[in-house]
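Trainee: Taking the hints into account, I'd like the entire structure generated from these sequences.
Protein chains in written order, with this note's numbering: chain A, 47 to 229; chain B, 2 to 295.
There may be inaccurate statements among the hints.
[Stated by the list, open to error] Below are the DSBU-like pairs computed for lysine-lysine, each with C-alpha atoms no more than 30 Å apart in a straight line:
hint	chain 1	residue 1	chain 2	residue 2
1	B	K196	A	K174
2	B	K276	B	K196
3	B	K196	A	K163
4	A	K163	A	K78
What the hints contain is simulated information worked out from the structure, not anything from laboratory work. Predicted, not measured: the structure shown is a model, and the values here were computed from it.
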Amino acid sequence: MTMHSITVTVNGGRERLDVPSNMTLLQLLREKLALTGTKNGCSAGECGACTILMNDEPVNSCMVLAVEADGAEIVTVEGLADDGQLTPLQEAFVEHNAVQCGFCTPGVLISAHALLKRNPHPTEEEIKLALVGNLCRCTGYLRIIQAVQTAAGRVSQQAGLPRPASGGVGAASASISQDKGGA
Amino acid sequence: MLARPGLPSFDYVRASALYEVPRLLEEHGEAARLLMGGTDLFVRMRDGFVSPQILVDVKHLPSMRDVSYDEQTGLTIGAATTMNEVARHPDVQAHYPLLAEAASSVASYQLRNRATLGGNLCNGSPAADTAPATLVLGGRIVLYRPTGEREIPADEFFLGPGATAMQAGELMTAIRFPILPPGSAGKYLKLGRNKAGDLAIAGVAVFGFPDGTASGYRFRIGLASVAPVPLRAREAEEVLAASPPGEETFALAAERAMEAASPIDDVRASAAYRKAMVRALTLRGLREIWRQLS
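Mentor: Here it is as structure tokens:
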């Protein structure tokens, strides 16, 4: 089987790799680059656990060949947080308990992150539609949707954030704010 | 069933020019398959339904992802344009909203970033969501071959489950749509097991516009997932051209559309249910389009 020499940018770092024709981008990330945050669920483009950003757009990495990613810019769930600082979206997931087993979470975060980039003020319906391709068997989706709504509110009104105005996301990565009222 | 992340062994070839593609396809014959989005192909390869030895990637070739609109000639969409690119393109939204609606009904947002309009059509799936819209909008399939280009109406393109009029060595490069009649309206009604994200149990595209028929209007109805091929419900269309629009005519047309369907029982629904849903969706679509036209 043919090998291909490719260059990809993954979470900001350039990687030169030799990959066989049939290697998926998912395999490349997990098995060659040890970025195991991205999960393999169905291997068929249905479940969304393998969702990553490719050139700023979410794709199922099980449905992309590694060689097709030559020259692309890839962001995985590991690339969302900046130096250990969670994004407002990730913080909202923690606050809302939008995670149970966590297997779908990396893909959900990527899809929701991409949604908020293209549509900073999504309606509940728009959130649901954006997450159609991310199956979750634990949460019943409600808390996920609430977390995305919370993050959208915060991102859109930076001034009103209960946090430093520097664009940071809370004091320390470990001390997530514990607003009551989600219940 | 265990998830299998790996694909069977094959060689990936990135075609360097259009003219190279027919040669590659000819050289490798049955062993070669064209690759665009891969969203159907990879699943079928994993499941062992197809086992190509060569995948010829063509999606990056010139004009394969171009979308252009001309007030004289209409819309041309490169075959490898993704569903999301089709759905959000301003010219598609402005002039062919039915096509945008159909493209955005396919699977999930992230899958629509890979799945292509051309791939959806040239797989020849009876369930192709963009097929009914392509049929009722008068789409034409542009095929490239060594001797040049040929164009065939979407009507003549679908031959059976997985079978199309594309011949060995041919490559779909674009889909063309004519300028639509003034005052037209279209709607795609898709019924899946879920509200969104699933393959269609039944899909019905309804398109209507004022015309010099006995009824004063022309309607076109396209069906997916309810026959061996996506098809037009011609007898329903004839009813609508002949009789004045209204509940009675619509009910009769919906009945005719149902008769045009010849579905199978499968994991998503029974044949009987599919037929009943064709009638229901057609009726709903006609009412909606009539509301917009009148």
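Trainee: Would you mind marking each hint as holding or not holding in the structure?
Mentor: Hints versus structure:
1. The suggested pairing of B:K196 with A:K174 holds, with an alpha-carbon distance near 11 Å, which does not exceed 30 Å.
2. Pair hint B:K276 plus B:K196 holds up; C-alpha atoms about 19 Å apart against a cutoff of 30 Å.
3. At roughly 25 Å between alpha-carbon atoms, B:K196 and A:K163 fall within 30 Å of each other, so this suggested pair holds.
4. Only pairs whose Cα atoms come within 30 Å are accepted, and A:K163 paired with A:K78 is accepted, the gap being roughly 29 Å.
Of the hints listed earlier, there is not a single one the structure fails to meet.
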